[in-house]
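Given the coordinates of chain A, work out where chain B should sit on it, guided by the hints.
As given, the protein sequences belong to chains A and B, one line each in that order. Residue numbers for the first sequence follow the working numbering, beginning at 15 and rising by one. Residue numbers for the second sequence follow the working numbering, beginning at 1083 and rising by one.
Because the hints were derived from the structure by calculation, they are not lab data. One or more hints might be untrue.
Derived lysine-lysine pairs resembling DSS-like cross-links, with alpha carbons at most 27 Å apart [claimed, not checked]:
id : chain 1 : residue 1 : chain 2 : residue 2
1  : B       : 1369      : A       : 120
2  : A       : 112       : A       : 141
3  : A       : 71        : A       : 141
4  : B       : 1369      : A       : 112
5  : A       : 71        : A       : 219
6  : A       : 112       : A       : 164
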Amino acid sequence: MLTIEGLNTHYGASHVLQGVDLVVPPGRICALLGRNGVGKSTTLRSVMGLVTPTSGKVMLDGVDIAGWQPHQVARAGVAYVPEGRLIFPDLTVIENIKVAERNPAKAWPIPRLLELFPSLRERARNKGAHLSGGEQQMLAIARALVSDPKMLLLDEPSQGLAPLVVRELARVIQILCDSGVTILLVEQNMKLAEAVANELHIMVKGRMVYGASPEKFRAEEAEIRSRYLTV
Amino acid sequence: MDVLPFLVTQCLNALSQAALLFFLGCGLTLIFGIMRIVNFAHGAFFMLGAYVGWSAVHWTGNFWVALVAAPILVGGFGAAFELGILRRLYGRDGHAFLMVTFGLTLVMGEAIRLLWGVEALQVQMPVSLSDIVFILDEPFPIYRLFLAGSGVVVAIVIWQFLERTRLGLLIRATSQNAEMVHALGTDVRLVRSAVFGIGCGLAGIGGVFAAPMVTASLGMAPNAVIDTFVIVIIGGMGSFLGSMIGALLVAFVQVFGSYFFPDFAMAFMYLIMLTILVVRPGGLLGKEA
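This is chain A alone, in the form it adopts within the complex (with noise of 0.2 Å):
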């Protein structure tokens, strides 16, 4: 699906991301572990066209989108839900929701998506700023939703909210993934992580250092934590 190969993004002068490569097959998750600055949220950010990478590729299904704008990416099928979920704080829920409907959504329209995170039918009327952490969150996924994506981008859901939050956040990744939707999880969470990832990869200072299989992360779980992610 999602193919990322020698990937480098700079800031200024700052090299942020250092050649990076990643491969997301279709119908995975795939969970991008690492300490606070190594890259995760820039590597989403260069994916989605937020900032454009200057140099490597960001294959989509055969097609080089590295250097896209932000519309031309989502319209070909990537939906982003960002750190901090950046909800429009004064528009309701449902218009939250309508401003990534482009295009009647077919296989997650308003109904199915209500039906999905029950919580946010209730604050159908209410304006984005009134939700808790918990809700805006399952806004941001509802609004990435709307427009149909093959491809989801999830940085950091989990920032902020209660551990029975988070079960049902793991809830709904498995049900997006069960759906068809292929999904590329930034965590800090392990727990969260493990519990919905196939595969698991660390970044260290702009570099992909780590990829395996949750059940080999286990194994080496005490090792590979104090060396790439513990502080």
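Coordinates of chain B only, in the frame set by chain A:
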């Protein structure tokens, strides 16, 4: 002099003045909300509207044609300016926009001087509106009633446009987070061009409305731009409702101030602005600056 007829006619007078100011302030605030830039050329677009309106009336003899043609032409010119020039400046600091839009004011002023000459041009108002009615035995120009009514209609149309149409939704979303709208699949550059065009078109329609009362002249731009900035600062940069309240406030202060204290009418306007800047720096309905 009876108090009631005086009050009623002066209030109507103020409402018609508020309508004019609203056409200007609403466009400026929409543009600021989406683009975070101050369009210094807003007064020049107002002036261009008046001149284009004069030409339309001159050629067709029909004021209503002017009222439709001028906003379309002025708005189209605004959108083209955004596409051709302003678009290259996003990502730079605000000074670049001030310089460029101020420069545009000078260029438009000279271009108008060359095309239409230096003489003030009288725009004929339609015969049906040129009469006077008596309101509680006070004479009142029909044209001003028409202007006040048009202000209400345009305000409702813009409000419904923002609330109910897809472009309106995208405009509101873009003013809250442009990058997110872009990542959700809408080319925000087109939204920006559209909003700049709509804002300039509103200034243009204001120019046509103003022309029969004040003539089309080269002094229109600076006067208009100052009033407009005051309105938008009072109401809150980027707030549609704020521009409406600001326009009403300024118009009432101008009309009643110039009646009771002719020498201080302008000072009152700035006093209100100053007070609001001190008490609520973001404006009445603006987000905190």
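Status of each hint after checking the structure:
Taking the CA atoms of residue 1369 of chain B and residue 120 of chain A, the gap is about 37 Å. The hint is violated against a cut of 27 Å. Taking the CA atoms of residue 112 of chain A and residue 141 of chain A, the gap is near 13 Å; set against the 27 Å cutoff, the hint holds. For the hint linking residue 71 of chain A to residue 141 of chain A, the alpha-carbon distance of about 39 Å lies beyond 27 Å, and the restraint is violated. The hinted pair formed by residue 1369 of chain B and residue 112 of chain A meets the criterion: a straight-line CA distance of about 24 Å does not exceed 27 Å.
The hinted pair formed by residue 71 of chain A and residue 219 of chain A meets the criterion: a straight-line CA distance of about 19 Å does not exceed 27 Å. A hinted pair counts as satisfied when its Cα atoms are at most 27 Å apart, and residue 112 of chain A with residue 164 of chain A qualifies at roughly 19 Å.
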